[in-house]
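Protein chains: 4
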Amino acid sequence: MTMQPVMAVDELRSFVDEVFPQAEIHNWLVNDLGPGTISVTMRVSESALRPGGTISGPTMFFLADVTAYLVILGHIGKVELAVTTSLNINFLSKPPLGDLMAEGRLIKLGKRLAVCEIHIHSATDADTLVAQATATYSIPPR
Amino acid sequence: MTMQPVMAVDELRSFVDEVFPQAEIHNWLVNDLGPGTISVTMRVSESALRPGGTISGPTMFFLADVTAYLVILGHIGKVELAVTTSLNINFLSKPPLGDLMAEGRLIKLGKRLAVCEIHIHSATDADTLVAQATATYSIPPR
Amino acid sequence: MTMQPVMAVDELRSFVDEVFPQAEIHNWLVNDLGPGTISVTMRVSESALRPGGTISGPTMFFLADVTAYLVILGHIGKVELAVTTSLNINFLSKPPLGDLMAEGRLIKLGKRLAVCEIHIHSATDADTLVAQATATYSIPPR
Amino acid sequence: MTMQPVMAVDELRSFVDEVFPQAEIHNWLVNDLGPGTISVTMRVSESALRPGGTISGPTMFFLADVTAYLVILGHIGKVELAVTTSLNINFLSKPPLGDLMAEGRLIKLGKRLAVCEIHIHSATDADTLVAQATATYSIPPR
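Chains as they are written, first to last, in our numbering: chain A, 146 to 287; chain B, 146 to 287; chain C, 146 to 287; chain D, 146 to 287.
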């Protein structure tokens, strides 16, 4: 399974700015795009915080989903219409307040379906997983 | 498996207003609480919309998660600290723009874990499922 | 979402006997096939039992998977090659020894993907769920 | 997250022989047990094959489940009664006929819950994932 990105990181970033004009609200950034892999950082704002001071589930869901979307996009090109068909997320530990990082890995890139595994950890502690997710995307016929 | 709510709908609503002061932002409302079941409506605001005009995945994730939380709360009482341990969501059809309804059903209510099945549909079309989810919550020892 | 079976129960049973000659080993039987729904009984043999006297996880996985397969087949016709792409199963309570029943419900029947929700209970206690599953099948192009 | 096994591989093997006298039927073998990780090989017999010549879903489910069980056991000791609460499996590619290998990784080892990620590939092709699973186990109070 030799997967190769079809875009450079900068190209992916520019494309994202075009199609997600609200991306700055979420404040996420592609760090790196490699063969079958991606690394994304998300700045966590006050609004993502829940009572008790933890980062909300939907925020982590969003990060997992966008990470899967971006690694797929980076490997199949500018297919805006790939859509999530399912996402399974496990919340593993309470994250410290602060930015999150997600490492995505394509575990299948078929003609119709792509599957991505995502590991989320705090930007300041790469060893403790905060959440793990598996996302399936449907790829439109070309 | 005879599950009985331990709160009235009004009591659940008041409790929610207390612990989720930001609930109005999300604009959701408990319609009904029955034995093992709940019905929740969510007003979908512009900010939940994605390019292409559909309702975002995180919005539906949020609705599924809060529905599970509320039906558990309604059956075990005011245990603020029950936390999601995992959530599996399937996106089934593109929702029309407009409010969403979620029907939650407790399929397990154990001492340590509760599992809830959630069906999400458009408020104007109860027959077409937009998303289906299964959420597992960890219940703190009492 | 008005789904209609394209086969009668007897037709589905005959088809299954053809393609799963080993079906008798598993000893399962389609009870009923309705619009978007199916009911399947599985006789649980000694070999499915685990130390401690419970029914094994793989046995319940098998029942969930075959139930999804059969309800899809019953609604799209004799498409032998539909394949499971993912299955999420929650084990909810320890089943009593004895036969199991599965109730399957199609929650999506698209051109490329079908999603089925499965509830498994003991044949002698329909009120206590033993397991719940969600299965996704890929449907080959026709 | 520094996880350390509490058993040697040989000790784990002996324990398994005791509690799973039928293990030889399934023909699986622990290759290695490391900090938070395990590697398991399963010999695939004729009976696991499906029409079309592929390895059956329940066989892969079994391998994923037993891999999670063994890595947990190897890290918490001889706790026979840890039980699977949920398992999510994605089937990624059709496996070639032949033995399978599973690589398990503990992504959470809490007091009450353990979560394990499992990658399954053919014993003769480590680069192509055949299936990926996430299993959650409930750990009994000690």
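Just so you know, not all the hints are guaranteed correct.
No copy is singled out in the list; a pair is fine if it fits within one copy or between any two copies.
Derived SDA-like pairs: lysine to any residue, alpha-carbon spacing no greater than 20 Å straight-line [stated by the list, open to error]:
id, residue 1, residue 2
1, K239, T182
2, K256, D244
3, K239, V154
4, K256, P285
5, K256, I284
6, K256, V228
7, K256, D272
8, K256, E163
9, K239, R257
10, K256, G222
11, K223, P241
Because the hints were derived from the structure by calculation, they are not lab data.
Consistency of the hints with the structure:
no. : hint         : result
1   : K239 to T182 : neither (25 Å within a copy, 23 Å between copies)
2   : K256 to D244 : neither (34 Å within a copy, 27 Å between copies)
3   : K239 to V154 : neither (30 Å within a copy, 30 Å between copies)
4   : K256 to P285 : both (9 Å within a copy, 12 Å between copies)
5   : K256 to I284 : both (7 Å within a copy, 13 Å between copies)
6   : K256 to V228 : both (14 Å within a copy, 15 Å between copies)
7   : K256 to D272 : between (34 Å within a copy, 19 Å between copies)
8   : K256 to E163 : neither (25 Å within a copy, 31 Å between copies)
9   : K239 to R257 : between (35 Å within a copy, 15 Å between copies)
10  : K256 to G222 : within (13 Å within a copy, 24 Å between copies)
11  : K223 to P241 : neither (35 Å within a copy, 25 Å between copies)
When held up to the earlier numbered hints, the structure conflicts with 1, 2, 3, 8 and 11 and fits the remainder.
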